[in-house]
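J.: Next come the chains, spelled out residue by residue.
There are 2 protein chains.
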Amino acid sequence: MQRIALASRPIGAPKDSDFRLETVDTPNPQAGEVLVELHYMSLDPYMRGRMDDAKSYAAPVALGDTMEGTGVGRVIASNSEKFAVGDFAFGQFGWATHGCKPDTQLRKVDPDMAPLTTSLGVLGMPGFTGWYGFHELGRPKAGETLVVGAATGPVGSMVGQLAKAQGLRAIGIAGGNDKCALAVDTFGFDHCLNHRDYEDGRALKAALQELCPDGVDIYFENIAGKTLDAVLPLMNQFGRIPICGMISWYNEGALGEHAGGTSDRLPKMWRSILVKQMSVNGFIISNHWDRFGKFLTSVAPLVQAGKISFQEDIVEGLENAPRAFMGLLEGKNFGKLIVKLN
Amino acid sequence: MQRIALASRPIGAPKDSDFRLETVDTPNPQAGEVLVELHYMSLDPYMRGRMDDAKSYAAPVALGDTMEGTGVGRVIASNSEKFAVGDFAFGQFGWATHGCKPDTQLRKVDPDMAPLTTSLGVLGMPGFTGWYGFHELGRPKAGETLVVGAATGPVGSMVGQLAKAQGLRAIGIAGGNDKCALAVDTFGFDHCLNHRDYEDGRALKAALQELCPDGVDIYFENIAGKTLDAVLPLMNQFGRIPICGMISWYNEGALGEHAGGTSDRLPKMWRSILVKQMSVNGFIISNHWDRFGKFLTSVAPLVQAGKISFQEDIVEGLENAPRAFMGLLEGKNFGKLIVKLN
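Protein chains in written order, with our numbering: chain R, 195 to 536; chain W, 195 to 536.
Everything labelled a hint here was simulated from the structure, so no lab data went into it. Zero decoy hints are in this set.
No distinction is drawn between identical chains; accordingly, a pair holds when it is met within one copy or between any pair of copies.
Here are the computed lysine to aspartate or glutamate pairs in the DMTMM-like style, where the Cα-Cα straight-line distance is at most 25 Å: (1) Lys470 to Glu262; (2) Lys470 to Asp458; (3) Lys209 to Asp507; (4) Lys249 to Asp408; (5) Lys462 to Asp408; (6) Lys462 to Asp394; (7) Lys470 to Asp247; (8) Lys462 to Asp246; (9) Lys470 to Glu330; (10) Lys249 to Asp458; (11) Lys249 to Asp394; (12) Lys462 to Glu393; (13) Lys462 to Glu524.
Construct all of the structure, not just a fragment, from the sequences and the given hints.
T.: Right, dumping it as structure tokens:
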């Protein structure tokens with residue numbers, strides 16, 4: 195089997211030499227374990243955080259260890275009563291062609307319900323992130339205005355479609371005219387702005403303000419940076435900001451200390467939260483798996499019926515995962531980024 | 195009657211010449227109106243914001259107009275069926291010895307239930323602010339640790355006493371050893387730190403960390419500045435920060451642009467909210483008067499029974515209000531600051 199190990203900790207944007215492709219022995223499943231030949235693995239922005247040695251909500255990947263990640267594939271050997279050879283399983287196998295895990299850490303996936311890849315995107319962690327943050331922390335009301343960045347990614351596109359289904363105005367921000375067209379044509383956003391057209395947050399704000407004459411009620415935060423700068427001044431009284439990520443800062447140093455502007459904007463932001471009576475809530479979806487069943491029950495039928503769309507960007511071969519991941523951090527992917535393995 | 199007008203908009207800390215004491219005609223109550231001879235008026239930190247011309251949640255006081263504020267006094271003439279001469283009324287009379295208001299804007303106060311002054315402090319807006327933010331946004335659980343600044347002020351002392359009554363650890367921050375003693379001896383805080391003993395947020399953090407070995411679950415924000423710097427790194431997963439004020443920045447310019455550090459701390463704070471999955475909620479108590487009745491029903495008996503203590507700092511004479519207010523912004527008051535008028 196092959197795997198990709200963390201060769202060195204990146205400073206700023208990761209580069210080829212931070213990763214190492216290795217061939218290792220395929221393990222044999224011990225009692226209760228299952229060996230899976232992976233068909234697909236997921237690449238997600240959060241993985242950048244795992245490459246740093248900083249204290250965070252999850253332990254960093256150790257140097258020399260397999261890069262962390264989830265995947266889905268076919269059981270090819272089983273020492274478990276719960277999984278038979280031929281079953282499909284989802285789990286945290288890391289960046290690898292095969293993985294061996296205790297059955298307690300795996301979830302069975304039904305390939306007839308939806309394509310396997312959806313368990314990594316629209317019906318997996320990213321879709322769940324959008325659904326949870328929007329409903330639980332966004333507290334949406336019909337007629338309100340929502341803004342979300344990375345609008346064609348698996349989180350943003352879920353948020354936008356849920357917002358439209360619930361009668362909100364949905365404004366997307368994305369990097370590229372092709373993405374903006376996708377956001378409007380496929381995901382139903384009312385408008386989508388290409389942030390690359392705007393030099394800084396101030397310019398982006400001016401454009402966004404025209405699209406949000408009644409201000410912004412919900413800013414679903416997954417990107418930060420210029421988008422945050424643009425949206426904050428437009429937030430309405432009693433606005434809500436669920437925060438699940440801040441992609442644009444992930445390459446800026448573990449603590450974001452290089453991501454700052456030239457002045458200390460903390461006091462102004464703090465005052466905004468007060469005078470606008472905002473509710474700002476950070477969340478990490480892995481602490482909310484108890485709601486995953488409800489999410490699947492509610493969203494899977496909508497995906498099957500074509501009422502929720504999804505866009506996938508599939509790269510072939512484990513050896514191409516590092517480059518694809520570097521591109522993800524620069525917004526080069528077009529939809530949910532997935533690596534096809536077997 | 196006498197009143198104090200806003201003579202000029204302060205830059206930084208207010209000074210004597212920003213205020214002007216004037217003698218004007220006492221108005222006659224028109225239909226539905228009530229004339230009140232004020233016994234006490236309140237001085238509160240939020241008034242500093244009203245002196246600035248910046249866009250905020252409330253309109254600024256116009257130059258030449260009476261400084262905004264609430265007071266309580268005796269009805270001396272009435273053209274209303276709801277108030278008789280001799281009744282006591284609470285309302286927004288501004289900084290003045292007398293005030294004339296429509297009865298719809300007044301609340302009757304029972305001087306036998308509690309001293310009149312309490313309607314400005316422990317049983318008024320400040321006490322209500324502490325009660326609302328603690329219960330509604332703090333979501334307290336027994337055994338947790340709470341930190342609040344201005345611990346002997348009417349908001350902080352309410353928060354601390356409610357926290358202790360509900361089985362939390364309560365750590366106060368105050369400016370002065372006399373205040374710290376009051377916080378512990380009278381209000382029952384477990385500990386209180388004198389922020390003047392610490393040069394900066396880092397030093398205060400080190401001391402606070404020793405008092406909070408299990409971290410901080412609720413930071414009730416009314417002071418910001420050094421205290422915010424000290425508490426933020428100590429916040430626990432799922433920590434809550436209700437924000438009702440940021441006194442230490444009020445003299446630093448309307449938008450806090452002079453209150454900053456030497457680097458942009460916004461990205462780091464934003465990341466903290468995410469990785470610690472915090473809930474940060476700004477609130478302005480005047481939007482929650484629908485809960486005031488519940489507050490009074492619940493807290494007034496505790497005050498009457500001596501189970502909730504309060505400290506008042508009473509200054510005599512309207513002419514001394516500006517100096518007292520300037521002192522308030524520097525933390526020179528000792529408890530709820532009130533001006534005795536008649």
